[in-house]
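Residue numbers (this note's numbering), protein chains in the order written: chain A, 14 to 330; chain B, 14 to 330; chain C, 14 to 330.
Hints in this document: simulated from the structure, not taken from any laboratory. Warning: the hint list may mix true and false statements.
Claimed, not checked - Result set (DSSO-like, lysine-lysine): computed pairs, CA atoms no more than 30 angstroms apart in a straight line:
hint, chain 1, residue 1, chain 2, residue 2
1, A, LYS62, B, LYS62
2, C, LYS184, C, LYS196
3, C, LYS184, B, LYS195
4, C, LYS243, C, LYS184
5, C, LYS320, C, LYS277
6, B, LYS62, C, LYS267
7, C, LYS290, C, LYS248
8, B, LYS184, A, LYS185
Unchecked claim - Quick list of simulated restraints, FRET-style, between CB atoms:
hint, chain 1, residue 1, chain 2, residue 2, range
9, B, HIS135, A, PRO79, 48 to 58 angstroms
10, A, PRO79, B, THR240, 14 to 24 angstroms
11, C, HIS26, A, GLN131, 44 to 54 angstroms
12, A, ASN210, C, GLN73, 28 to 38 angstroms
13, A, LYS123, B, THR240, 33 to 43 angstroms
14, A, GLY113, B, GLU284, 36 to 46 angstroms
15, C, GLY107, B, ARG153, 22 to 32 angstroms
For glycine and all other residues, C-beta sits at the position ideal for the given N, C-alpha and C.
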Amino acid sequence: MLITGTFLDEISHDIPHQNWGPQEWDQDFQYMKAAGIDTVILIRCGYRKQLTFPCRYLMQQHGCFPPSLDLVDLFLCLSEKYDMNFFFGLYDSGAWWDSGNASEDLSANKFVCEEAWQRYGHYPAFKGWYLSMEISRRTREATDAIAEMGNHCKQLSNNLPTFISPWIDGKKALSMQDGIIKKHESISLKQHEEEWNEIFDGIKNAVDIVAFQDGHVEYHELYDYLTVNKQLADKYGLRSWTNCESFDRDMPIKFLPIKFDLMKLKLEAAEKAGCEKAITFEFSHFMSPQSMYGSARHLYNRYLEYKKQKTESVLKT
Amino acid sequence: MLITGTFLDEISHDIPHQNWGPQEWDQDFQYMKAAGIDTVILIRCGYRKQLTFPCRYLMQQHGCFPPSLDLVDLFLCLSEKYDMNFFFGLYDSGAWWDSGNASEDLSANKFVCEEAWQRYGHYPAFKGWYLSMEISRRTREATDAIAEMGNHCKQLSNNLPTFISPWIDGKKALSMQDGIIKKHESISLKQHEEEWNEIFDGIKNAVDIVAFQDGHVEYHELYDYLTVNKQLADKYGLRSWTNCESFDRDMPIKFLPIKFDLMKLKLEAAEKAGCEKAITFEFSHFMSPQSMYGSARHLYNRYLEYKKQKTESVLKT
Amino acid sequence: MLITGTFLDEISHDIPHQNWGPQEWDQDFQYMKAAGIDTVILIRCGYRKQLTFPCRYLMQQHGCFPPSLDLVDLFLCLSEKYDMNFFFGLYDSGAWWDSGNASEDLSANKFVCEEAWQRYGHYPAFKGWYLSMEISRRTREATDAIAEMGNHCKQLSNNLPTFISPWIDGKKALSMQDGIIKKHESISLKQHEEEWNEIFDGIKNAVDIVAFQDGHVEYHELYDYLTVNKQLADKYGLRSWTNCESFDRDMPIKFLPIKFDLMKLKLEAAEKAGCEKAITFEFSHFMSPQSMYGSARHLYNRYLEYKKQKTESVLKT
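The shape of chain A in the complex, shown without the other chains (with noise of 0.2 angstroms):
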C-alpha cells in the first residue's frame, strides 16, 4: 500500500507555518508528483479568523483577515499542471472545537461553499469536498451538521465526492495542549464498533469516503480498528481510504516527522484491512524535502526506497 494522496495543512492550527511562497509551493508538488502523489487535500479553507482565499462573506460577516495570496487557486493550478485532483476542505470557526456547536459552522459553510463553488468550481481539477469537521465520538448534532454539510456540497458540484477522516478515541487522542503522551481512558473496539454504527447511519448518501487517522491507537492494536472501520464502511456504501500520520504522536515535540517503520507498519495494517487508497496528514512538513523539519528529508528517502522496493516486486509476480 502506497500514499497517494495528502492534506495541505496551510492555516495554522497546530503545526507552524513554514511561509512558503508561490515557487516553494511549486517545488513541492514536484516532490509530491515524485513520490506517488495523484490527490491533494485542503485541510480547511479557512480557521478562526484566518483564511487560505479572500473569501467575501468570511471577511463581511466573522471579521476574517484577507490573505495576502489565494492559495485556493494556487493549489487548484499547480494540481491541474501535475495531473492532480483536489479537494477543497471546508471552514473551521473554532466554534465546535470550543463549545461543540456545530450549526455556527453549518450555517456559515453553505455560504463558503457557495462563493467557493463560484470561484473555483470551473477549475478542472476541483474533484470533491473535504468535510473538516472531524469527529470521533456519536454525537447527534455532529452526524446530522455532516450529512447536511455533505448534502449541500453534493448538491452545488453536481454530486462531487466528500469525504471525512475521523479520529479514533484511542490512548493517544489528546490535544496539542497536554503534556501527556497517552491517557489513561480510551475508547474499547466494541464501543467504537457501536458508535460508528451509528454515525455511519447518520451520514451515508451524504458522505462518500472515510480516510480515519491512525495514530491514535497503539501500533498493534491498529489493524482491528482498520478492520472494523472497513466492515461498517462497506455495510453503508463508503468507500475505505487511510489516514496515514507521518508525524510521531509518542515523542515530547508536537510534531515531528514519524520513524519509517512505524509509517510501514500503519500502511501494512491498512493493506491488510483492505483500504482501498492511503493519504497522509501531511507530506509537506513531514515528507517533504524542503521542510522546516530536517528529518522530513531522510523519510521522504525512506519511502522512495520503500516504493522502488514494493513496485519492483509488484512487477516481478
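Let chain A serve as the given structure and place chains B and C on it in line with the hints.
Frame of chain A; chains B and C shown alone:
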C-alpha cells in the same frame, strides 16, 4: 511600517542557543542590514549565572560563569561595522521571576552598569540602555525599580536613552512551562489602561521609549491595545515603538517562526496606532536565513518581498 | 577533558527519529571520528515493541516488530571500519518505567543477550555491555536486577565490561511529559551519597563502569555530585566516566542542542572531579553536522575549536 530593530537573544532563557561564533554573527548582521535593521538591543547582559561579557562584579559577587567569548564587545564592533545603534540590556538575576523581589536586580545592576559603561561606553555604537526587567501589571516595587535603574543609567551615560518592553496581560500571557496556549482570565482594556496610567506616571523622565510586546492578545484585539498604549505614552512623554514578535504563540512547539500574514497584520495595526518604530523579538532565531529553524529563511524572504512592495509604493506616492 | 564516546539513540523513546539509512550512518561515524570519538554505545537494542535487530525471542515472545534494517550489524561494521569500541545496550520492555517491575526485563534480557551474543559476539568491535535500566534512587529490586544482568552478560562473554548510566534525582529530574523545567523537591547531596553507597555495594563486581548523566542538577552544583560519585565508585572498585548531555534541559522545546559554554562547564567539572572518560548523550541528534536540529552543526564546530585549543595547550606543556 517596517522592522528596523531587533533584540539579540544570546543568553538562553527560553529560546535554545544557536552556538554561533564571530563568523556567524557577522553574517547575521549582514542579513539584518539587508532587511533594513538599524538598531540592535542586547536582551540582557546576563541571566542568572550566565553572562555575555566577563563582568568582574557578577563573577565575584554572584558566582556567574565566565563566558568563552565577549559578546558585548563583538556586538558593539559589528554595530559599528554595519552602522547600527546598540542598546545594552541590564542583568537579570532571576530573583524578580522567582520571588517578585526587585531590589536584588536593582542593587546588582548599579555595579553592572558602571562596569559596562567603563568597558564599553567609549564605543560610538553604544546608544542607549534596555531596562530588561519585564513588567505587565501595576506593582509599586517594580515601577520604582525601573525608574531608579533608568535614572542611574542616564546619569552614568550623559543621558543616553532608556527603554522598556513590557507585555500585555492578555489571553496568551503564559509561562513557557504552561501546556496551554490561552488562559481563561485576562486583563480588560480598561483595567490595562488604568494600570499603565499609573506605571507610566511612575517611570516618566527615567524611561524614554516603550515598546510593548505585541503577542499576548488576540490579533483582532491588538489595535485597541496599541492605541491605548500610544495615548498613555504620549501623555507622559514617552516615545512609542512596537515590539513585533516574530514567533508564534499559538503552537504547541514553543517557539517557532510566525506566519508572515500574522506579522504583517501586527505591523499594520502598529502603524495605524501611530507607533514610531518597529523592532522584533527576534531576528536571529525567527527571521534569519541561517537560523536553526528552517522556516525562518522563508519568513525572511516573505518579509523582504513585503518591504520591497512597501518601499515601491511609497516611492510612487 | 574531551568527549570520546557517544550513545547511539536509534530506538525512539523521547528523541524523534532521524530516518537515516546506512549511508547517513556511515557519514555520521566519520563526523564522530573527526571529533575524537572511539566508543559508541547502543542505548538499547529494543524498546517496548520496537527493535534494532531482528531478535527472534522478542518477536516471538513479546510481539515485537521486525526492523527493516539490522542496526546492530550496521553499527558493529561501522565500528570496525572506523576503529571504535561498541557496547551493546540491553532490551527495555517499558515495564520498569510503567510499574517499577524489574523482573520482566531481567528474564527477557537473559534470552536477548544470549541471542545477541550468538549473532554478534564474534565481531571484534563488540567490546562490552550497556545495562540500559536507568536508576537514580536506592531500590533493592532494581539493584539486584542490575547485578544479575551484569553477571549474566559477563559470564556469556568471557567477562566483557558492563556499564550503567544512572541519573541524579536533582531539580531537573523530570519526565519528558512534564511541562515544568525544575521541580521543588530534589535529593540532597548527603542523601544521594547514602543511597549510592548502598547501590554500589549491591552491584560491585557485576558492573565495571558508571557514567552518571550530568544534566539533572544545577550547573553550579554539578562538581560536588561528581566528586561524591567518584569517591563512591572508587570505594567499590568501579571506573568513573561522565555522561555529558549534549542537549539543554532548561528549554521548553524538549530537547535541542545545548549551549557550548554549558557543555564546557560540565566537562571541566568532570575533569576536576577525576572522571576517566567523557561520553555524551548523544552525538547524532545534538552534535552532528547532519543532525535534524540546525544548531547541532554549530555545537560541533564550537566543540572542535575547543578540542583544538585543548590539544595544542597539552602539546605545549
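(Q) Tell me the hint numbers this structure goes against, listed in increasing order. (A) 1 and 15
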